[in-house]
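All the letters of the sequence shown, read from the start, carry residue numbers 9 to 295 under the working numbering.
Hints listed in this document are in silico derivations from the structure and should not be mistaken for laboratory results.
Beta carbons: idealized from backbone N, C-alpha and C, even for Gly.
You can take every hint at face value.
Simulated restraints on C-beta separations:
| no. | residue 1 | residue 2 | range |
| --- | --- | --- | --- |
| 1 | G260 | S124 | 39 to 49 Å |
| 2 | D97 | G210 | 35 to 45 Å |
| 3 | G107 | R133 | 24 to 34 Å |
| 4 | S159 | A184 | 12 to 22 Å |
| 5 | G51 | A194 | 28 to 38 Å |
| 6 | A46 | T166 | 36 to 46 Å |
| 7 | G51 | V198 | 21 to 31 Å |
| 8 | G123 | P285 | 39 to 49 Å |
| 9 | D282 | E169 | 37 to 47 Å |
| 10 | D92 | D249 | 40 to 50 Å |
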Amino acid sequence: MPAERAPSADDENAPRPWSRDPQFEVLPLPGISDLAGAHLPAGARVTVTASPAQGLSATVTTAGELAGRGFTVIPHLAARMVPDERTADRIVERLGSAGVREVFVIGGDAPQPAGSFSDALDLLRVLPTDPALTIGIGAHPEGQPFLDDESADRLLRTKAEHASYMVTQMCFDATALLDWVRRIRAQGIVLPVRPGIAAPVGAVRLARLGARIGVGRSLRLLTSSSTGVRRMMGPRTWQPDELLDQLAPAYGDPELGLAGPHVYTFNALATVQDWWPTEAPHPPSAG
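Make the full structure from the sequences, and use the hints.
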């Protein structure tokens, strides 16, 4: 089958390669299951974050509620919030009972580990080796604060042995993302990559979030008039469509292995509904 071309400016109604099989990230706050049911596509992939502020119980409970609404749910398991292997097993068992067969393993934001797991790899090594359990991992095209690129790539290779796909941190620079993808492919890391894309959101809020999670380099492009990226940022709101269309040709290259985007919604699901292409199909996927 020939690779699908990227739609032109004169072909606005053509399905966009990046619009296939996205996943939408939500925060496990009160009412989010109702919001998802009202505004997200039926059967969509929905990931549920985990943070010390809400606790893992909120993540697991919300995951069960969303699964009951027919979504394909991917709860985040934050290693630093899991006290021990027994607790990890119980969480996976509880999720399985709710029909959840996929998890996204991260290190997490907790200042101190709750137990023996200090990072994602520690938790990945003890999760059940169940073929029915799909595991996603995080990836950092812009690097990690305390690791050089060589060490980060080595860690990613090891984590990839336990996973089925990767999700990147929020991306604002298509060239930087694709250069990173080519680099890890050259090193033999072949897992599908879901680009992390911020949904339309206020510029001030986006800058604050981006600085906190370590995507400062590409965020600086948004305010640099010399890069041509500044036009993606309206007077007050980030608009991701141009970035996604810059990535569109890469979806026709099987060697790059791009999967549908991971959309950081910030729980603004009505905004996401208005923005997301209505023609986009949402087939079930393991990542």
